[in-house]
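Residues per chain, in single letters:
Number of protein chains: 2
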Amino acid sequence: MVEYSEQMDRAFHALADATRRAMVDRLSRGPASVSALAEPFDMSLSAIHQHVSVLEASGLVVTEKRGRVRECRLSREAVARVEGWLRQRRELWEDRFDALGEMLGETSGEDG
Amino acid sequence: MVEYSEQMDRAFHALADATRRAMVDRLSRGPASVSALAEPFDMSLSAIHQHVSVLEASGLVVTEKRGRVRECRLSREAVARVEGWLRQRRELWEDRFDALGEMLGETSGEDG
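Protein chains in written order, with the numbering used here: chain A, 1 to 112; chain B, 1 to 112.
Bound-form chain A, shown alone:
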């Protein structure tokens, strides 16, 4: 449970940065090398590597060394896990709203 919570901390933290979100966005269109990921940014390769490390530690991105190139790809499961956490809360909240609406509908003739 604590481990799951730490993984969620890391995933949300990784996404709390515009550069890393742009990387996730790029990777949603297909795997890319670290240099390809670096291309749109006016940033040192060391800074890029640091961002990739944060994404990798969060589980959202998986990297694999192929010869001299480190290929990055998005983890569908990790993205789905974070998305699912939010969806569950939103749905609970909407269900409550629906229930409240029904209740108000039922009692609208009463004192209130």
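Don't take every hint at face value.
Copies of the same chain are indistinguishable here, so a pair counts whether it falls within one copy or spans any two.
No more than 25 Å apart at the CA atoms, straight line, and that leaves these computed lysine to any residue pairs for SDA-like [said to hold, decoys possible]:
| # | residue 1 | residue 2 |
| --- | --- | --- |
| 1 | Lys65 | Glu39 |
| 2 | Lys65 | Glu94 |
| 3 | Lys65 | Ser75 |
Because the hints were derived from the structure by calculation, they are not lab data.
Given the structure of chain A, go ahead and fit chain B onto it with the hints provided.
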């Protein structure tokens, strides 16, 4: 665009903390006062207020003063916005996988 990006930074940052996620979780079951939100935590009221402020700044939680009580409620729209950002990326990635599968299916008789 920058404003949108900063809002996303703040929303993901707000969710990168187990206490704040527990508060969002609680609020998904209905509005609550700050003291009710504080109840499960062994934490000073000042620390609780700080967490609520971070959630409020992110837009995920809206608070309203009612007499002496500050009531907090979840913003369905803000949660849906963050969830939607993740869903779009996951769906793009899945579409790519599907397209790749079709392509591999078409070329499976060929070399390689």
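Check Lys65 against Glu39 for me: Cα-Cα at most 25 Å, and say if that holds within a copy, between copies, both or neither.
-> within (19 Å within a copy, 48 Å between copies)
When no copy is named, should Lys65 and Glu94 be tagged within, between, both, or neither for a Cα gap of at most 25 Å?
-> Result: close only across copies, 23 Å inter versus 44 Å intra.
25 Å Cα cut-off: does Lys65 pair with Ser75 within a copy, between copies, both or neither?
-> The answer is within: 16 Å in one copy meets 25 Å, while 42 Å across copies does not.
Hint check: no violations occur; every hint is consistent with the structure.
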